[in-house]
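K.L.:
From first to last, the protein sequence lines are chains C and L.
According to full-length UniProt numbering, the first sequence is numbered sequentially starting from 1.
According to full-length UniProt numbering, the second sequence is numbered sequentially starting from 1.
Because the hints were derived from the structure by calculation, they are not lab data.
Treat the hints with care, since some could be wrong.
It does not matter which identical chain is used: a pair holds within one copy or between any two.
As the list claims (entries may be wrong) - Quick list of in silico lysine to aspartate or glutamate cross-link-like pairs, EDC-like style, CA-CA up to 20 Å:
# : residue 1 : residue 2
1 : K107      : E85
2 : K37       : E103
3 : K61       : D17
4 : K107      : D118
5 : K21       : E91
If you want the building blocks of each chain, they are given just below.
There are 2 protein chains.
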Amino acid sequence: MKVNYSKSIPYNDDALDRLFKALSDRTRRAQLARLVKGPASISELAEPFDMSLPAASKHLKVLEKAKLVSCKKSGRVHYCQLQPEVLQNVEHWLTDYREFWNEKLDKLAQFVARESDDE
Amino acid sequence: MKVNYSKSIPYNDDALDRLFKALSDRTRRAQLARLVKGPASISELAEPFDMSLPAASKHLKVLEKAKLVSCKKSGRVHYCQLQPEVLQNVEHWLTDYREFWNEKLDKLAQFVARESDDE
Numbered sequence: 001m002k003v004n005y006s007k008s009i010p011y012n013d014d015a016l017d018r019l020f021k022a023l024s025d026r027t028r029r030a031q032l033a034r035l036v037k038g039p040a041s042i043s044e045l046a047e048p049f050d051m052s053l054p055a056a057s058k059h060l061k062v063l064e065k066a067k068l069v070s071c072k073k074s075g076r077v078h079y080c081q082l083q084p085e086v087l088q089n090v091e092h093w094l095t096d097y098r099e100f101w102n103e104k105l106d107k108l109a110q111f112v113a114r115e116s117d118d119e
Numbered sequence: 001m002k003v004n005y006s007k008s009i010p011y012n013d014d015a016l017d018r019l020f021k022a023l024s025d026r027t028r029r030a031q032l033a034r035l036v037k038g039p040a041s042i043s044e045l046a047e048p049f050d051m052s053l054p055a056a057s058k059h060l061k062v063l064e065k066a067k068l069v070s071c072k073k074s075g076r077v078h079y080c081q082l083q084p085e086v087l088q089n090v091e092h093w094l095t096d097y098r099e100f101w102n103e104k105l106d107k108l109a110q111f112v113a114r115e116s117d118d119e
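With the rest of the complex left out, here is chain C (with noise of 0.2 Å):
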C-alpha cells in the first residue's frame, strides 16, 4: 500500500474535528462514495437520496468546510468535486492504532495456534 503523506495538507485538531465531523453522517458519506465516480450537480447528489435541494446543500457545505469536496458555479448549475487528498489526514491519524490492532491480532493469532497445538 503506498501512502503519499503531504504536508502541504493542514494537520491540526481543527481539521480532524472538522473530516471526522463530516464523516459522521451516512449521508454525507453516500454523497462522497457518489462522487468517486465523477463530478456531479447537486440535484444529481440529492436524487438518490430522496432529499430536497436544500438538505443536499447543507450536507455538501459541511463536506465542503471539511475541504473534502470543492463546489464551483457553471452556468446556472454547482458542480460539485471529492478532494480526496485530505483523507490523507484520517490515514495519517490511524497509524498508531493500526500498530497497536496489529499487535493484539498477532498475540491472538499465536494463543490460538498454541490452543490447537495443545489439542
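Given chain C, work out where chain L should sit, using these hints.
P.N.:
This is chain L only, laid out in the frame that chain C set:
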C-alpha cells in the same frame, strides 16, 4: 503495511456513524492517545485535560458506545482500555478513497515531471 480486516467486527452505517462521531472531538482523540500507552482510570483520563470527572466520563461513554474503549470496575475504580480493532472499519472505509488520491498524486507527479522536462 499489514491490514487484517476482520469480518467479525461489525461494519455498517450505524457503527461508522458512531465511530466517526466519537473521533470528531479532540478531547476524545487525546483520551485514545493516552490509552495507547496502557489502561487508565477515569481520573487519569480527566487530569491531563483539566476536566471534571463527569466531563471525562461523558466523553468516555461516547468512546464506549463506538466500541473504541471498554471500561470495567475494579474495586472502587473504573479502568478503561483501548479497543483499537474497531478502527479497522475506518481503514476499510478509506480503501476506495486511498486509490483515488494516489491516482491524483501520481498524475500530479507526472505533470510536474513533464513541466521540469520542458524547462
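K.L.:
The structure should be examined with respect to each hint, and the outcome stated for every one.
P.N.:
Evaluation of the provided hints:
1. In this assembly of identical chains, K107 and E85 lie within 20 Å of each other by CA distance solely across copies; the values are 13 Å between and 34 Å within a copy.
2. In this assembly of identical chains, K37 and E103 lie within 20 Å of each other by CA distance solely across copies; the values are 13 Å between and 36 Å within a copy.
3. Both within a single protomer and between protomers do K61 and D17 lie at most 20 Å apart by alpha-carbon distance, with minima of 15 Å and 18 Å respectively.
4. For the homomeric pair K107 and D118, the shortest alpha-carbon distance inside one copy (17 Å) is at most 20 Å, but the shortest distance between copies (54 Å) is not.
5. Taking the shortest Cα distances, K21 and E91 sit within 20 Å of each other both inside one copy (16 Å) and across copies (17 Å).
When each numbered hint is compared with the structure, no violation occurs for any of them.
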